[in-house]
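*Asks:* The task is to assemble the complex, starting from two chains supplied on their own in separate frames and drawing on the hints.
Spelled out, the chains give:
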Amino acid sequence: MDPYILYGVTLVLLWVSFMKDKNKTKMSLKKGWKSFENILPEFLVVILFVGTLLAVLDPAMISKLIGGDSGWIGVILASLVGSITLIPGFVAFPTAALLLQAGAGYMQIAAFISTLMMVGVVTMPVEIKYFGKKMTLMRNLMAFIFSFFVAYVIGKVAG
Amino acid sequence: MIDVIKRYRGFLVVLACVGLLTIINRGIGIKAISISARSFVEMLFIIPPIFVLLGLLDVWVPRESMVKYMGEGSGLRGVLLSLFIGSAAAGPLYAAFPVSAVFMKKGVGFSNIMIFIGAWSTTKIPMVLFEFESLGKAFALTRLIVDVPGIIIIALLLNKLGSREEIKEIYQNAEKMGSNP
Numbered sequence: 410m411d412p413y414i415l416y417g418v419t420l421v422l423l424w425v426s427f428m429k430d431k432n433k434t435k436m437s438l439k440k441g442w443k444s445f446e447n448i449l450p451e452f453l454v455v456i457l458f459v460g461t462l463l464a465v466l467d468p469a470m471i472s473k474l475i476g477g478d479s480g481w482i483g484v485i486l487a488s489l490v491g492s493i494t495l496i497p498g499f500v501a502f503p504t505a506a507l508l509l510q511a512g513a514g515y516m517q518i519a520a521f522i523s524t525l526m527m528v529g530v531v532t533m534p535v536e537i538k539y540f541g542k543k544m545t546l547m548r549n550l551m552a553f554i555f556s557f558f559v560a561y562v563i564g565k566v567a568g
Numbered sequence: 002m003i004d005v006i007k008r009y010r011g012f013l014v015v016l017a018c019v020g021l022l023t024i025i026n027r028g029i030g031i032k033a034i035s036i037s038a039r040s041f042v043e044m045l046f047i048i049p050p051i052f053v054l055l056g057l058l059d060v061w062v063p064r065e066s067m068v069k070y071m072g073e074g075s076g077l078r079g080v081l082l083s084l085f086i087g088s089a090a091a092g093p094l095y096a097a098f099p100v101s102a103v104f105m106k107k108g109v110g111f112s113n114i115m116i117f118i119g120a121w122s123t124t125k126i127p128m129v130l131f132e133f134e135s136l137g138k139a140f141a142l143t144r145l146i147v148d149v150p151g152i153i154i155i156a157l158l159l160n161k162l163g164s165r166e167e168i169k170e171i172y173q174n175a176e177k178m179g180s181n182p
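Line by line, the protein sequences give chains A and B. Read in order, the letters of the first sequence correspond to residues 410 to 568 in the working numbering. Read in order, the letters of the second sequence correspond to residues 2 to 182 in the working numbering.
In isolation and in its complexed conformation, chain B is listed as follows (with noise of 0.2 angstroms):
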């Protein structure tokens, strides 16, 4: 019980500083935990999926495979494979981070790792539609053409500019995530 506690007390926090607002000015509190209970909701109904294949993932596609396809010497074929997964991904960012644990524990590389983060980001299919019909053909189209190398390079970057050591704790750390806390 007291574990739950110390697990939730940021959300506690939060949640009190909500309630407080709402006192202070009730019109914002108000709007503030209806959006709030709206977006839960939302994370209810789109989130659940996500979970379920990522579990699949986890217990029935072997690490070597995950290696082989998109371990650190896959070359060409991890990255576009990274950027596909991520593409054809559907949810808000914070939901890519568990998915790229499980990668991390399947030997996924680094910067595929994060090529699948900025792809997940940026270039999500129905998304980039949805923006083709909004902000018209030049803006979404330019958007792609500039986001697609953008994000190779900055995955690229991010591979070398964090030390073996770090990436290896990263590594240890998604190893403990799967399970319990």
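Bound conformation, chain A alone (with noise of 0.2 angstroms):
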């Protein structure tokens, strides 16, 4: 949802909610504020983190990484990219654009853009919190794992 539709939808709401119940609008937004300063901490770290990643490993270094034909090693390369860095989508698939028109393969691109959005290696830390230790690699694995069938397929289908 854009960012401006969300906050529209939540003041509707939260109107509608006011005009039902002044005491239980209280309540949800002391609940709210709650669960947000309880992963506050967290989400500090991984910003901190993504930042100085992101100031390491600019799309210069990245197009260096995985560009050209670099095969499955790219694309290994290219998912161990994917995995690290969290980058929002509308950098990440202007940046993938360019990489493709600078001669990276589909495969590679696919493995980065598959990975970047479901494994997070630098929010661990945030899902070892809500979803203990086992679960939260085992969900990164399995996405890591699944991210090559992606990038295969795409690799065949728009390669």
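To be clear, the hints were calculated from the coordinates, so they are not data collected in a lab. Heads up, some of the hints might be wrong.
[What the hints assert, rightly or not] Computed footprint of chain B on chain A; a stretch qualifies when at least three of its residues, placed anywhere within it, have a C-beta under 8 angstroms from a C-beta of chain B:
hint	segment
1	420-433
2	459-465
3	483-490
4	516-530
[Said to hold, decoys possible] What follows is a set of in silico ranges between Cβ atoms, one per label pair, in the way DEER data are often shown:
hint	chain 1	residue 1	chain 2	residue 2	range
5	B	LEU157	A	ILE537	17 to 25 angstroms
6	A	ILE537	B	LEU16	19 to 27 angstroms
7	A	LYS565	B	PRO63	22 to 30 angstroms
8	B	ARG8	A	VAL425	43 to 51 angstroms
9	A	SER472	B	ILE154	26 to 34 angstroms
10	A	LYS435	B	GLY137	44 to 52 angstroms
[As the list claims (entries may be wrong)] Below, simulated DSSO-like cross-link-like pairs (lysine-lysine); rule was C-alpha separation at most 27 angstroms, straight line:
hint	chain 1	residue 1	chain 2	residue 2
11	B	LYS69	A	LYS433
12	A	LYS565	B	LYS138
13	A	LYS543	B	LYS169
Note that CB positions come from ideal geometry on N, CA and C, so glycine has one too.
*Replies:* Okay, here's the thing in structure tokens:
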């Protein structure tokens, strides 16, 4: 959802809630705040970590790693880069498009995009807090392996 | 006060490391700080409505209806609802975890929680539209067609592989998340 639509929907619902029951609305806001405050330390760690990572791994660096005819090695590298980094889609897609134009393969780009979205190494501290170590590791590992399959299919269809 | 420092010690350690990095390599350090500051502002913009909605959901939606529509026995309807809610979301994946904690409190089935997380991570509607634009129809459509069953299969596998006890523990943990740390 577009952030502005999200804000619109939230404000409307908040207003409806307030009209129906002021106390319950207050309680909702309190609960929302508590949930946020509860996870804020982990959020901050993730943000700082990602900032540092992106400062080191810029698009030029990424393109060097997965550009050209890097084959399955490129797919593996692309998956690793995608798993570790956390780039918002509106940056990732144009970057991926540029990399494709610059000669990167569809398979590598697909591996990069898929792991970028499904696997989150840096967000693991947040995920572990809610799902525990085992479940978090299993989910990320499965998503990682699945991304190779996605890459293979996209390489066949789009490449 | 000591509690606050304890909770934020991870953050303080990373902050100190970034400070050290800035001393060693000014260019990268400053870039890291400015990128972090920018994503922090972004977070402050996109995250408040998610947590307000989460609070409203917690207070207004009765457990019974969540169980009915998305609980263990909710079948295909629960799967589709989870896919839809995850896809309609906005914000980074890490914002999906607190939302799923409230879902757990409300009795949503574990495989549906994992489907919701999967959808939030990969099939968010505005992102898919943007993907169509930047990477083309063949790429985006193929990914979508492969990802939707993939998400469901991974969710079902995770539900099978986790022991009942582990999953129960995760639910109990979620129960505590909304209250004071």
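*Asks:* Indicate, hint by hint, whether the structure satisfies it.
*Replies:* Verification of the supplied hints:
no.: 1; hint: 420-433; in the structure: holds (count 4)
no.: 2; hint: 459-465; in the structure: holds (count 6)
no.: 3; hint: 483-490; in the structure: violated (count 0)
no.: 4; hint: 516-530; in the structure: holds (count 7)
no.: 5; hint: LEU157(B) with ILE537(A): 17 to 25 angstroms; in the structure: holds (22 angstroms)
no.: 6; hint: ILE537(A) with LEU16(B): 19 to 27 angstroms; in the structure: holds (21 angstroms)
no.: 7; hint: LYS565(A) with PRO63(B): 22 to 30 angstroms; in the structure: violated (48 angstroms)
no.: 8; hint: ARG8(B) with VAL425(A): 43 to 51 angstroms; in the structure: violated (34 angstroms)
no.: 9; hint: SER472(A) with ILE154(B): 26 to 34 angstroms; in the structure: holds (32 angstroms)
no.: 10; hint: LYS435(A) with GLY137(B): 44 to 52 angstroms; in the structure: holds (49 angstroms)
no.: 11; hint: LYS69(B) with LYS433(A); in the structure: holds (23 angstroms)
no.: 12; hint: LYS565(A) with LYS138(B); in the structure: holds (14 angstroms)
no.: 13; hint: LYS543(A) with LYS169(B); in the structure: holds (14 angstroms)
Hint compliance for this structure: hints 3, 7 and 8 are not met, and every other hint is.
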